[in-house]
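A.B. asks: Below, each chain spelled out in residue letters.
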Amino acid sequence: MVKVAVLQFPGSNCDLDTLYVLRNVIKLDAELVWHREFKANVYDAVVLPGGFSYGDALRAGVIAAYSPAMKHVKEMAREGKPVLGICNGFQILVEAGILPGALVRNDTLTFICKWVYLRLENNKTVFTWKGKVGQVLAMPIAHNEGKYFNDEKGLKELYENEQVVFRYSNINGEVTPEANPNGSLDNIAGICNVERNVLGLMPHPERAAEVILSPYRTKDGLLIFEAMAEFLRGKGVATSRWS
Amino acid sequence: MPLLGGVEVSLAEEEIRKVREILGREPNAVEAGMIDVMWSEHCSYKSSKIVLKQLPKEGERVVVGPGYDAGVVDIGGGYVAVFKIESHNHPSALDPYNGAATGIGGIVRDILCMGARPIALLDSLRFGPLKSSHSKWLLRYVVKGIGDYGNCIGIPTVAGEIEFDESFERNCLVNVVCVGVARRDEIVLARADRPGDLVLLVGGATGRDGIHGVTFASRSLTENSEEDRPAVQVGDPFTKKLLIEATLEAIKTGFIRGLKDLGGGGLTCASSEMAYKGRRGMEIDVSKVHLRETGMTPFEIMLSESQERMLFIVDPAGIDKVTAIMDKYELQWSIIGRVIEEEEIVVKANGEIVARLPTKILADPPTINREAKKPAYLDELLKIEPPPMPSDLSLTLMNLLSSENIASKEWVYRQYDHEVGIRSVVKCGDGDAAVLRILGEDKGIAVASDCNSKHCYLDPYHGGAGAVAEACRNIVSVGAEPVAIVDCLNFGNPEKPEIFWQFKMAVQGIADMCRALSIPCVGGNVSFYNDDEVTGKAVKPSPVVVSLGVVEPLSSIVTMPFKEPGDEVLIVGETFRELGGSEYYYTIHGIEGGKPPIVRFEQERKTLEFVLEAARRGLLKAAHDCSKGGIAVSLAVMSIKSGLGADVDVAAIPAEEMRLDELLFSESHSRFIISTSNEMAEECFKLARKHHVTLSSIGRVKDDGIFLLRFKGEKSLLCKVDDIIEAWKKGFERRMGWG
Amino acid sequence: MGVYMLEVVVENKSAAKDPEGETIMRELMHRNGFETVRKVRTGKYLRIEVEAENKEKAREIVFKMCNDLRIFNPVIHVCSIREADV
Amino acid sequence: MGVYMLEVVVENKSAAKDPEGETIMRELMHRNGFETVRKVRTGKYLRIEVEAENKEKAREIVFKMCNDLRIFNPVIHVCSIREADV
Ligand SMILES: Nc1ncnc2c1ncn2[C@@H]1O[C@H](COP(=O)(O)OP(=O)(O)O)[C@@H](O)[C@H]1O
Ligand SMILES: [Mg+2]
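Protein chains in written order, with the working numbering: chain G, 740 to 982; chain C, 3 to 741; chain X, 512 to 597; chain P, 512 to 597.
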């Protein structure tokens, strides 16, 4: 049986939500792991949930990035195991250098909580292989520091390596300035590593995994967790890189 | 200020005499300081206690009523809901950011210390009109303070309300609500009843901050309040989040015998109230308390109101297990004393006794019977002549929709995480009340907070009753059954007989309405002295009521937007010529007086029962109560939220004789707008007859993009749906400006 | 007329807590080997370029602005203004 | 051993936008009559007290710390360190 860890840092606050979806909706064997007790070799995948690790002191994610637990996360990433960072989890992955770029304060200068649409740009990752490029997903965002930034060179590399996974779009999948909630570079909402087993995204798929929670009666967030679950069970269009 | 025990206290001369009489001696400085805070209005409820007695506390579902940190009600299936409201008005007026943030911190502790996991926050706010830059500044930072704190600790802010009125210009009101859930057997009480149990202080280190915060809250704001620095605290949501998780984990050990948060009155209040409830005493050694500053005196330690602290009464057998949990979360803790047999609070420092007082003198101070007198202004205000009828009602509606009191509050709730916890089924802006599901059950909790201070000003009795009625209507609107309320009573200086009269009348109104609906009041908070010493002006009386309901199954939830073209639009209830205190008078005509709405108790009950049964039987496709702005605004909002038009015949509205504008904008109670399919309309009428409720079909939902109200063959009010959407959605944001 | 650059720093008063500074010190610095750090306080920094007749006038403008526009709240903050090199 | 106080300011690189500074200038300052303000940049300010043998050592420690602990993110930030009065 595969086992998924939901990694808890002091201040994580979407940990229980993520666990609920993994256990009750996806029916995976998942457990909460306190950052001090986290070990790479025990788990087949790890999710870094949303929240405010260390109260966002200095910069969102930066202190957790120095936690010894992140060495284990890096190791899992290197081994090709699925690593998913949601919201604060994404911020931590970026601060830890596992994913490139920076996440900075929203252009609105405020926290933003709202449902947005995402265009799937890359369906060759562990988390998106069940989707189609161009597919539009509805999910909520809830963050202060979610504006993706990278320098020119960094952005070029992202595209060359097909690392851009989600971009903010309108309902028709058009990537427009109006559809960009926080000022992210190129409307980028989520990226993966070159090997495509690590995904970080600002929107919250765990809040969009049940029809009852969606204003549109959708459950688009499931796509990500289901793809991961089936991948872990040996299914999916695995490329040689993942094996 | 007078002296007691050689220190300045904020007590009246007569109270000082009483202290000496009860004690039979002069207290020392530490004791005097302890008595001073405990006898403050904030801690003792000395002015309000007698009046609050009338509120009904009993009910089948009540597990814990008033007197503890939060009310607890049974919601079935082995679950209880815990909720409470608190004001943080004074600190927020000086430092809106930290004042509001620490308000959230405080109310969360109240829920937590009952043993429940906090699952939702609400905020009920009042400011001066937004044309003032001061009001904008207050609002901007109050919202940021609530958002930053609530978002960080991962508790969604799911609903609230905001009112604007000149009377709040210098005295803003910041009331915050927290809701928790627990299994019934997990509830812990703030009680110390077994001698030998250990007293464990956990969380933030104690500093000099907030000493005398409660005496400050029990006074009016003065010119030099800005120098009153100790009253302003800085919140630490990160530590609070750890405290929440550690506390819930500690309760699971079964060794926690009592639990209380440290808020106003600090260690003095927490220790004496817990001991008093358990009919025991407590010995506290202040030299054991972990401190943030050096050289703190016993006086300062006993009175400090430093944030993010909890007091645990722990079975000695489990102390290691409990402190190991605190260590896991890296929270500081210290064992500072033990429960004792004798009913007294003994404070020691370095082996010496520095204070020794009977618990009763601290936890049960004498009450005051204040004088009440009906204000002279009232009769004058009621007599006001009706203003002329506007020539363009469409424009009038647009102006109302874009007014700060009615326009969408999206600017505010965008900044609140209202989804964390994955329980928010009906979120901010979706319905009259928020609905939170109970994870793993087909059941939800609905909550809404309400108060119309303009109504209350003109008639505090019906205003108080109306706040209960409106809060319950909001619960029923989403298909839930109201089961209990809590209240937050915001008034001016109770030493003024006119203010105390307002207070008494409002509480009576709340109590009578609760009785009429058979709904208990399980808790509350009183905030007096919301007045300005310079101008002598008090806030409009604002008894905020939070109603909590249960909705089951979740499929019976009803929301506000119209659903499909062709659906029938109906109005429940009758409209009276009650425009006093209406948004229409205030915004369009600048009038403050007139005859305000009264609550017809029996009719209100029947109306609520009808709508609830209709919702449960699946007859309602949409429901919305009529409140601020009257029928016209309610209909418009249902149209706006759906993007659908409507064609309504105003002449079909059951009402007493009045002008068209009065009919459209009167704010009479006991009314709802509902929509239903043609097939179900007949059932609705049958049900209305059964409940003896007036129901009238007034029009249809349309998809032509037009919002139209006809009257006697004429198109009296006609707007494009896109235009009313624009007016309502942008009205607030436009006033606030950036970010 | 010249252009002058001024720096504005807004911090919590020293008697008030600064939880962010405490967290940075404890969880980031001390934990990662920089134990000799004794205290960290955080603040907000603004660099302002303003047109004025002279240095003193520039300072006056910025001072007035910080007060009038509530760049800081005297209840809880201290605000310091200094000159910087353009 | 002595205690030295250093200031660290983290700002966005000049090529990167600073929406907060722009908003403060446009919406707060210009709109309220302070039109002579030409530019506003915001940053994060840290005041750090560190124990060290001497000033130079203190500076070295803080310098190393800023780099090692990502006090700034080199993709977007610049960081300046200066001495301050204790
Ligand atoms: N301060 C606030 N915080 C969170 N939500 C709010 C706040 N003010 C209003 N709301 C939400 O906006 C919606 C409309 O509120 P309100 O204007 O009071 O409507 P109504 O008059 O119909 O009750 C509700 O869902 C309410 O919860
Ligand atoms: Mg309502």
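I should point out that these hints are in silico values taken from the structure, not numbers from a laboratory.
All C-beta atoms in this analysis are idealised placements derived from N, C-alpha and C, irrespective of residue type, glycine included.
Among the hints, a few may not be true.
To be verified - To give an idea of the interface, some chain P residues facing chain G are shown, with a C-beta separation under 10 angstroms as derived from the structure: (1) Lys528; (2) Arg558; (3) Phe574.
To be verified - Straight line, CA to CA, 25 angstroms or less: simulated SDA-like cross-link-like pairs of lysine to any residue: (4) G/Lys813 to P/Ile587; (5) X/Lys550 to C/Lys55; (6) C/Lys55 to C/Thr369; (7) C/Lys411 to G/Lys813.
A.B. asks: Please go over all the hints and tell whether each is borne out by the structure.
C.D. replies: The hints, checked one at a time:
no.	hint	result
1	Lys528	8 angstroms, holds
2	Arg558	14 angstroms, violated
3	Phe574	17 angstroms, violated
4	G/Lys813 to P/Ile587	23 angstroms, holds
5	X/Lys550 to C/Lys55	51 angstroms, violated
6	C/Lys55 to C/Thr369	12 angstroms, holds
7	C/Lys411 to G/Lys813	43 angstroms, violated
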